[in-house]
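Undergrad: Here is what each chain is made of, one letter per residue.
There are 2 protein chains.
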Amino acid sequence: MQIADVVSFLKGADDFVILTHRQPDGDALGSAYGLLRVLSKIGKRAKVLHEGENLSEKFQYLTDGIEEASFEPKTVIAVDVADVKLLPHEYKETYKDIVDLCIDHHGSNTHYAKQYYVDSYAAATGEIIYQIEKELDVEIDIKIAEALYTAISTDTGCFKFGNTTSQTHSIASELMKTGMNFLDINRKMFESYSKERLAIECLAINSIEYSFDSRCATLWITREMMQKTGALEDDLEGLSSIPRMIKGVRVGITVKETETGFKVSVRTAPGYNACAICAELGGGGHEAAAGCFIKGSHADVREKLTSAVEKHIQKE
Amino acid sequence: MQIADVVSFLKGADDFVILTHRQPDGDALGSAYGLLRVLSKIGKRAKVLHEGENLSEKFQYLTDGIEEASFEPKTVIAVDVADVKLLPHEYKETYKDIVDLCIDHHGSNTHYAKQYYVDSYAAATGEIIYQIEKELDVEIDIKIAEALYTAISTDTGCFKFGNTTSQTHSIASELMKTGMNFLDINRKMFESYSKERLAIECLAINSIEYSFDSRCATLWITREMMQKTGALEDDLEGLSSIPRMIKGVRVGITVKETETGFKVSVRTAPGYNACAICAELGGGGHEAAAGCFIKGSHADVREKLTSAVEKHIQKE
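Chains as they are written, first to last, in the working numbering: chain A, 691 to 1006; chain B, 691 to 1006.
Chain A with its partners taken away, still in its complex shape (with noise of 0.2 angstroms):
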């Protein structure tokens, strides 16, 4: 499908239900309200279906006024969802063998729609959405730009991860041309942390381990630690980016003890492979970012760590 083969689609279309993915992130909810507001300027009926009954405080704004719609579903859309199984729990069963139409930018889509733009370049679906919004030659409102804005600077970080492109940039230039209040919305995303948060950060800096001449950087987050600081799964993230960006270290690791095991997340520096060093263990991932799953003692964590980070780890 092309993006004019997904408006044909849109304007032939009624009575809208957008679906996305569990734990909705801001690409997940700024695109599905982006959607339905850009659907609302073409006269159709649409609403969202999001996991849980209510949305979580700091993504609020997204549906100022938007009235509840009560009409059965004729259409059933998926946004930023790459895999049906992704669905929320409540919605699954109904929903997952009728999706029409899916919006998408990971490239491990698994094509479970009856029809699907999958875009990988795209830094976010927003800017997917963003494409559809002008093909359709809908106007820009602010509503329309923050949720838009919120999907595009969620999923790239604030412009800062590599997957934002020129485009990106382009995008977002016109969306600011609105007037949107974007200082706001970037201080919901990325500058509010709750007191929890601020103390496991410290207790999980203070258990910062040093390896092979401090180019190894180990973080450890225990079970302990929540119980101790009150800390909610929401509190940690961007904490396994913490060991990464220490001065020197080249590869970083953050140790999560769950009920069975330990998480293990590995980031590293160009030239150091953390999808080796999780492939060791089990796992995979990327050259920059990987991951794999430990089962034993902490003593047994670190040691098998150890040897699978001294395979990798280049002298300089």
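Incorrect hints may appear among the rest.
Since the list gives no way to pick one copy over another, a pair counts as held whenever it fits inside one copy or between any two copies.
[Stated by the list, open to error] Cut-off 25 angstroms, straight-line C-alpha distance, at most; resulting in silico cross-link-like pairs (DSS-like, lysine-lysine):
#1 LYS1001 - LYS804
#2 LYS764 - LYS985
#3 LYS937 - LYS878
#4 LYS748 - LYS937
#5 LYS824 - LYS867
#6 LYS918 - LYS937
#7 LYS786 - LYS734
#8 LYS804 - LYS994
If you are wondering where the hints come from, they were derived from the structure by calculation, not from laboratory data.
Based on these hints, arrange chain B on the given structure of chain A.
TA: Relative to chain A, chain B alone:
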């Protein structure tokens, strides 16, 4: 002066020395080296004089391939220097009265040069250098793009701060087209911390005192913490934004102990006036970010701050 006048001036002059401000940041150095490279492309000789003998390691890439030029300067340009007082000490006396052209984005520019081009709409002086380059019809190469991206990205906190505009993103979009390694630049600028930085961050977070039903948070950076961790001034970057990031906090205060007293930085949420709080204590600044200096003991500072905040923190 219009951009066209700046360009005429540059075309008509020769043998440039480019000055920038003390403790040069990404915009200072990115703009200076960006301009040097643009001038080289139109066949002019130019050199950058920055504070200190060596550039800090994180900015080394800006000078790649630039050969040392030995010539008697005929034309003096200051970039990103709002006030002649901000010139590096070693160059101030020689150049303070003979700056031919000042290119800057600070609205507070004191107009010390013979000619000046000040655009306070520009998020960074790097945006102005970009416009000069376009007007000169010089092709953007990767090294120019890296310099100007560094300038723009650092002054906007990677497109996160309120000074970011549609123009900022539009320029970034053009710079990205060269295929420059923006990821590497962002890592150097935003994701590189010393062990000492992490250590003092933890001590500072543990020092946070909450008041007014946790709507005010005060973080302390004492001389003892600096000694204990071995942290330097450079390691403190960004710490003063932590209190304001805590959920529910409306007035975020950072108190830094110096040899002669306490340097106070106040950051507020919309609706809370940081400047009014600091004005109570002889300081000033903007509505969202202001500062003041307090002499006395820790207890004195705490008392004075509490009393100043009390007058301006509204009940919700």
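Undergrad: Please write out, lowest number first, the hints stated earlier that are contradicted by the structure.
TA: 1, 2, 8
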